[in-house]
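With chain A's structure known, arrange chain B on it following the hints.
Read off the chains here:
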Amino acid sequence: GENVEQHPSTLSVQEGDSAVIKCTYSDSASNYFPWYKQELGKRPQLIIDIRSNVGEKKDQRIAVTLNKTAKHFSLHITETQPEDSAVYFCAASSGVYSGGGADGLTFGKGTHLIIQP
Amino acid sequence: SQTIHQWPATLVQPVGSPLSLECTVEGTSNPNLYWYRQAAGRGLQLLFYSVGIGQISSEVPQNLSASRPQDRQFILSSKKLLLSDSGFYLCAWGKDGAAQAFFGQGTRLTVV
Chain A
0 GENVEQHPST
10 LSVQEGDSAV
20 IKCTYSDSAS
30 NYFPWYKQEL
40 GKRPQLIIDI
50 RSNVGEKKDQ
60 RIAVTLNKTA
70 KHFSLHITET
80 QPEDSAVYFC
90 AASSGVYSGG
100 GADGLTFGKG
110 THLIIQP
Chain B
5 SQTIHQWPAT
15 LVQPVGSPLS
25 LECTVEGTSN
35 PNLYWYRQAA
45 GRGLQLLFYS
55 VGIGQISSEV
65 PQNLSASRPQ
75 DRQFILSSKK
85 LLLSDSGFYL
95 CAWGKDGAAQ
105 AFFGQGTRLT
115 VV
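Listed in order, the protein sequences are those of chains A and B. When the first sequence is numbered by the numbering used here, its final residue is 116 and no position is left out of the sequence of numbers. When the second sequence is numbered by the numbering used here, its final residue is 116 and no position is left out of the sequence of numbers.
FYI, nobody ran anything at the bench for these hints, they're computed from the structure. Treat the hints with care, as some may be off.
Stated by the list, open to error - Okay, the calculated bits of chain A under chain B, using three or more residues with CB under 8 Å as the criterion:
hint, region
1, 41 to 55
2, 107 to 116
Unchecked claim - As a list, the in silico DSSO-like pairs of lysine-lysine whose alpha-carbon atoms are at most 30 Å apart:
hint, chain 1, residue 1, chain 2, residue 2
3, A, Lys-67, A, Lys-57
4, A, Lys-41, A, Lys-56
5, A, Lys-21, B, Lys-99
6, A, Lys-56, A, Lys-67
7, B, Lys-84, A, Lys-108
8, B, Lys-83, A, Lys-108
9, A, Lys-108, A, Lys-67
10, B, Lys-84, A, Lys-41
11, B, Lys-99, A, Lys-57
12, A, Lys-57, A, Lys-21
13, B, Lys-99, A, Lys-67
14, A, Lys-21, A, Lys-70
15, B, Lys-99, A, Lys-70
16, A, Lys-108, B, Lys-99
17, B, Lys-99, A, Lys-56
18, A, Lys-108, A, Lys-57
19, A, Lys-21, A, Lys-67
20, B, Lys-83, A, Lys-41
21, A, Lys-108, A, Lys-70
22, B, Lys-99, A, Lys-41
23, A, Lys-108, A, Lys-56
Please read these numbers as outputs of a predicted model, since none were measured by experiment. Beta carbons: idealized from backbone N, C-alpha and C, even for Gly.
Chain A with its partners taken away, still in its complex shape (with noise of 0.2 Å):
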């Protein structure tokens, strides 16, 4: 099956700096990778996502690259915020239908991302 890794666990960045999350995984089949915000004791919210046929997303300060040759995708989010501050998952979809996810995500274990103001 699919395994997800990310890097790193825990990331300190500057209010206004910029942050890099990255993923990795195994499943060459894998064709959909959205990205989760998960605010303390919330529910995951999907942020942004790109699909295989496409290098590169982006969505005002976020973005998301991918490697399909690599086999890695990075969430880059520019001149942070304090309200940035929350854990980020990247996942992974190999399903059997068109896009992909009928048969679920697997998750990275999640970045901690801190803005220090």
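Frame of chain A; chain B shown alone:
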């Protein structure tokens, strides 16, 4: 718009007692439904998924079971809880071909 409801929000149960957590989805038909568990400080582990009524796939053999009696209802159960069943249980839904998973608000289960 679609919404997902999960209850209860918190639950404290003694070891050996039964468990029933319920999840319902509104605003969509024939969703894919999932149960995940998140242990303290850990990632999310997929427990069960369902692509239709009565169709359940288990990812991890354990003390839990799932059922889908209706199209938009997903239930997580246990006959006898163990201490190791404590955690944050999250129901999620997705659409076939869309791949995205949207989570309910979660149930924090503490087995004592």
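Hints and how they fare:
1. Figure legend: the region 41 to 55 of chain A, annotated as covered by chain B; annotation consistent (7 residues with Cβ-Cβ distances under 8 Å, at least 3 required).
2. Requiring three or more residues with a Cβ within less than 8 Å of a Cβ of chain B, the coverage given for the region 107 to 116 of chain A holds, as 3 such residues are present.
3. At most 30 Å may separate the alpha-carbon atoms for a hinted pair to count; Lys-67/A and Lys-57/A meet this at roughly 18 Å.
4. Note on Lys-41/A and Lys-56/A: the hinted pairing holds, with a Cα-Cα distance of about 26 Å set against a maximum of 30 Å.
5. Pair hint Lys-21/A plus Lys-99/B holds up; C-alpha atoms about 27 Å apart against a cutoff of 30 Å.
6. Distance check on the hinted pair: Lys-56/A and Lys-67/A sit about 14 Å apart at the alpha-carbon level, within 30 Å; holds.
7. Under the criterion of a C-alpha separation no larger than 30 Å, the hint pairing Lys-84/B with Lys-108/A is consistent with the structure, at around 28 Å.
8. For the suggested pair Lys-83/B and Lys-108/A, the alpha carbons sit about 29 Å apart, so the restraint of at most 30 Å is met.
9. Restraint check: the Cα-Cα separation between Lys-108/A and Lys-67/A comes to about 21 Å, which is no more than 30 Å; the hinted pair holds.
10. As the CA atoms of Lys-84/B and Lys-41/A are separated by approximately 27 Å, the hinted pair is consistent with the 30 Å bound.
11. About 23 Å separates the Cα atoms of Lys-99/B and Lys-57/A, which keeps this hinted pair within 30 Å; it holds.
12. For a cut-off of 30 Å, the pair hint linking Lys-57/A to Lys-21/A stands: about 16 Å separates their Cα positions.
13. For the suggested pair Lys-99/B and Lys-67/A, the alpha carbons sit about 24 Å apart, so the restraint of at most 30 Å is met.
14. Of the pairs offered as hints, the one joining Lys-21/A and Lys-70/A holds, with about 11 Å between alpha carbons and a cut-off of 30 Å not exceeded.
15. Simply put, Lys-99/B and Lys-70/A have alpha-carbon atoms about 25 Å apart, close enough for the 30 Å limit, and the pair holds.
16. A distance of roughly 24 Å separates the Cα atoms of Lys-108/A and Lys-99/B; the hinted pair therefore holds under the 30 Å criterion.
17. Distance check on the hinted pair: Lys-99/B and Lys-56/A sit about 22 Å apart at the alpha-carbon level, within 30 Å; holds.
18. For the suggested pair Lys-108/A and Lys-57/A, the alpha carbons sit about 23 Å apart, so the restraint of at most 30 Å is met.
19. Of the pairs offered as hints, the one joining Lys-21/A and Lys-67/A holds, with about 14 Å between alpha carbons and a cut-off of 30 Å not exceeded.
20. Proposed proximity of Lys-83/B and Lys-41/A is supported: the alpha carbons are some 27 Å apart, at most 30 Å.
21. Restraint check for Lys-108/A and Lys-70/A: the C-alpha separation of about 17 Å stays at or below 30 Å, so the hint holds.
22. Of the supplied pair hints, the one linking Lys-99/B and Lys-41/A holds, its CA atoms being roughly 23 Å apart against a limit of 30 Å.
23. The straight-line distance between the Cα atoms of Lys-108/A and Lys-56/A is roughly 23 Å, inside the 30 Å bound, and the hint therefore holds.
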